[in-house]
Every structure is written in C-alpha cells, then in structure tokens.
Amino acid sequence: MTARDMAVTGLGLVTPAGVGVEESWTGICAGSGLAARDEVLTGLPVDFSCWVPDFDAAALLGPRLTWRIDRFTQLAMVAARQAVADAALDPEEWDAPRVAVVLGVAAAGGDTWTDAYRHLAEGRVNAISPLTLPRSLPNMVAGEVSMDLRATGPCLTTSTACASGATALGIARDLLRSGSCDIAIAGGTDCARVPMGSAAFYRLGALSQRRDDPAAASRPFDVDRDGFVLSEGAGVVVLERPEHARARGARIRGYLAGYGASADGYHATSPRPDGDGARRAVEAALADAGSEPAEVHHVNAHGTSTPQGDRIEANMLGTLFGSGTPPVTSVKGAIGHTLGAAGAVEAAVTVLSLERQLVPPTANLNQLDEGLAIDVVTKAPRAHRMTGALSNAFGFGGQNAVLFFRAA
Amino acid sequence: MEPVYDVMARLLTEHFGVPEDQIRPDATFEALEFDSLARLELGMVLVDTFGVSLPEDRVDMTLAEAAEYLTAAVGAAEAADRLQKSVR
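Residue numbers (this note's numbering), protein chains in the order written: chain A, 1 to 408; chain B, 1001 to 1088.
In short, the hints are calculated from the structure, not lab data. Hints may be right or wrong, so weigh each one.
As the list claims (entries may be wrong) - Computed far set for chain A versus chain B, every beta-carbon distance over 10 Å:
1) D38
2) L41
3) L131
4) G143
5) C155
6) F201
7) A250
8) T319
9) R382
10) T387
What the hints assert, rightly or not - Heads up, simulated SDA-like pairs for lysine to any residue below, C-alpha to C-alpha not over 25 Å straight-line:
11) A:K379 to A:G31
12) B:K1085 to A:N126
13) B:K1085 to A:R124
14) B:K1085 to B:R1024
15) A:K379 to A:A216
16) B:K1085 to A:G123
17) A:K379 to A:L368
18) B:K1085 to B:V1052
19) A:K379 to A:E23
C-beta atoms are modelled at their ideal positions from N, C-alpha and C, and glycine is treated no differently.
Build the full structure now, drawing on both the sequences and the hints.
Here you go:
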C-alpha cells in the first residue's frame, strides 16, 4: 500500500449470476454462459440476452420504488445497499455531507423510454408518465441512491459508455484524494436489455448472432467469437482513505491504487487498431499507483467477445507484458456485457480475485484465437498468487478507464 | 359495472404497490404517502382508466371521497359525450 491508495471496504453486486456478491462470484466462477432467449426481445434478429434472475424490486426495495425508479436505478440501489452493509456503515449515523455518490451509466432509462415511445406512437401523449424524466435521466441513479442512503456529499453520474463504471471509481477516488468526502459510494449500472437496445446494437453489428445457442454466444478471446451479448446489472464499491477505514475498524478488502483514463481520439465505435489509447490508460493507472507492469499479476480484461475489440486488447497486453503476460480473464463470457455497469462489476470481481487469490475462468473459451499471445484462464478458476491486478474498461467514443488494485 | 372504488383500489395495489391492508375508504392520499410526483402519476393512471382525474388541490381527500368524485365525473363525462353525439 502507498499513501495514495484508497481502501475498498464494501462490495455490492447484482448480475445475471445472481443478486449478491457471493452469488455473482460463484456464478462467474462456474464458467458457464448465462445468456438465454429473452421474452422482452421476441421477434428481433437477436432475441437473447443475459438478465438478473429473480430480481423482485418490490421485495428488495419496497413497492414505492418499483414504479418510481427505472430498472437501471433499482439494480444500482440494491448493489449500493449491499456495499454499504458490507462496509458495516450505517446511513443513519454517518456524517451525510461527507459521503459522496458517484455512479456510472451508459444507456440509462431504456425501460421508461420504451413505454413512453409506445404511447407516443399510439398518439396517447397523456398516457406518457409524468415520471418519464425522473425515472430515466442518467443522473437520477446517483440522485436516487443519495436519497435512499441519505448521502449528501458530492453526487455525480459518469458517462463514458462501457467504461462508465470504472470512470466512476476513478472520479470517486479523486474526490477522496482532494478531501471532498470521507466515504465514496462508487459504481456503475445499466439495463439496455430492451428492444431498442438490442436492435440498435444489432444494427451496429456488435452483437453475437448465435441464436441457436445463446449460452455459448459470449466467448471472449475464442477463435469463434462473433460479438457481445447484451446484459444488465450493477456493481458498487465503498471507498475510503485507509486511515478513515482503520479508524472505524472497517475490514479492508483491497486497495484502489491507480486510475488511468485516456481517449483514442480515433473512431466512434472502433478502438484504435494499435491499441494506443488503451495502453496509455493502463500505463497511466500504473504510473498513478507508482507501479510497474511487473507488479501486475492478473488482468480482468474488457474482453467483450467482439472480433476486433478482443484482438486489439490482447495485442496491447502482449506488447505491454511481453512473453510473461499475467493470467487474463473476461467475466463477459459468463454474464455478458453490462455496458455502463461493466467497469464497476469487473472492478468488484477483481477485488474478490485478489482477496481469494483466484482468477475466474472465461466462459465459452474453447479455443483461444491463435493470433492472441495472452494467457487466458479457461474452464475453471485458477489459484494464483497475486498482489496487483488491472481492471480494464473501454467505451464507445474511444473513452478508456483502467483501474489498478492491490491486495489488502 | 365494477364500482369505481374497487377499480381505484386495484390500481393503487397493482400500479403503486400500496399494501391492501392500507386501502380503506377513510385513508387519505396523504396518509398513503402520495407526494407531488405520485399524485401526477395517479392522475395519469386515473385518466387512462376513467377518462377523468381528481382535483389537484385536494391532498386530504379520502379514498371514499375520491371514488365518489370520480363516479360523478365519469357520469358527467358520459352525459356530455351523449349530448355531443345527439347534437351531431
């Protein structure tokens, strides 16, 4: 640990592997793809996705919040409550103005907009809910969580597409470093698993077409990968300065040691072919942590399962680490691509990997694309000694965010 | 036809998740924690269901009073509709 590291004292996960940190970890480590035919997407060219099973918002959050807030906010609220409970923090007792909420989201209120557009198409303007905006605006996820937890410090939403969740952790870390807060609730969430989301990503050519076998559709780094699988979920962490965490006797689960951000400055949806933007984000995260590539013992890759994105990331890692690339995994093989949540979900999984000295497998990776010179963990979790790990997140617009964690 | 009160009670349960045991004729919307946004949403759902809504300034209205108001308003709207058709 260095003086600039931030302690991770709480984790919360709501993923297609389950509602809860242990459920998510166990499901991801099982190494099977969790995508299936999705009734919501019936009739579309890509009619499968990953979703959070048994997510009963009324039971988890009470009836009032089920109609007041969109699903992307519900997912985040549940994950945030988990993270705060895991950190043994009590919102009734904390110094509310010193608690920040920073949450990332890419697509935001898909469910709400879908309803509103349907009414509009039918010419029923008065059937559009007056809550359409409070439910769907991206900022409302941080706003609603701040109300729910009575956290009245800085309250922000980050939006860097599929890097949004990782960006949120980085910004939260900066708020702690600047002294703007003592506790930061940081993470990401998304639910783009709606007809418009599937249709739009399909038209971009970004989704897997494996309709005959959805569970095997998301296959990061596999020679037969053909696109990502739309998913939903949320990941939230509690960050504190280590002295603050120690003073209250908190359990420290790991340290956020470095954050690096960059832009490709290249293309709306394609990463730079030479991986320069991604590499600079990794290098910035390591420099921020005062670390060298040799101190990276594991990489939780962005690895979405698109032919181009995976190749560019793998080549970038190969260049950076040379022949000794550390074990790499992508959880997207199991839980699909949670978009704005991905960077935060994967950051939480990276902390768990360091804590348990275990790298989860990349589901559906049967044959590594031979052009990729990286060591990807497959089939089963791999026990591995590690003190430092990277979590990569790259978004449309060429926006990159990389986090470097140290074991507690 | 199903009484307006029963339809309203069902909407409060199904759309707003109000526990059934709280839905009583003498309960007010205020007591059911309907703030300004919830009342806006309720107004929309009532218009969608009955074609009419409640007066906006009556937060202390009980469910029985609301049902009575809606029943009268629905009747008036139907009468107006019939009148318009006969004129045409």
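Hint check results:
1. D38: holds (24 Å)
2. L41: Its Cβ never comes within 10 Å of chain B, the nearest being 25 Å, so this holds.
3. L131: Since the minimum Cβ distance to chain B is about 5 Å, A:L131 lies within 10 Å and the statement is violated.
4. G143: Non-interface label stands for A:G143: nearest chain B Cβ at 13 Å, farther than 10 Å.
5. C155: Non-interface label stands for A:C155: nearest chain B Cβ at 19 Å, farther than 10 Å.
6. F201: holds (31 Å)
7. A250: holds (34 Å)
8. T319: The claim holds: A:T319 sits with its nearest Cβ about 53 Å from chain B, beyond 10 Å.
9. R382: Label holds. Min Cβ-Cβ 45 Å, cutoff 10 Å.
10. T387: holds (47 Å)
11. A:K379 to A:G31: Measuring from Cα to Cα gives roughly 6 Å; hence the hint holds.
12. B:K1085 to A:N126: Distance of about 23 Å is within 25 Å: holds.
13. B:K1085 to A:R124: holds (22 Å)
14. B:K1085 to B:R1024: violated (38 Å)
15. A:K379 to A:A216: Cα-Cα ~13 Å, so holds.
16. B:K1085 to A:G123: holds (23 Å)
17. A:K379 to A:L368: OK: A:K379 and A:L368 at ~12 Å, within 25 Å.
18. B:K1085 to B:V1052: With Cα atoms ~19 Å apart, B:K1085 and B:V1052 stay inside 25 Å; holds.
19. A:K379 to A:E23: holds (18 Å)
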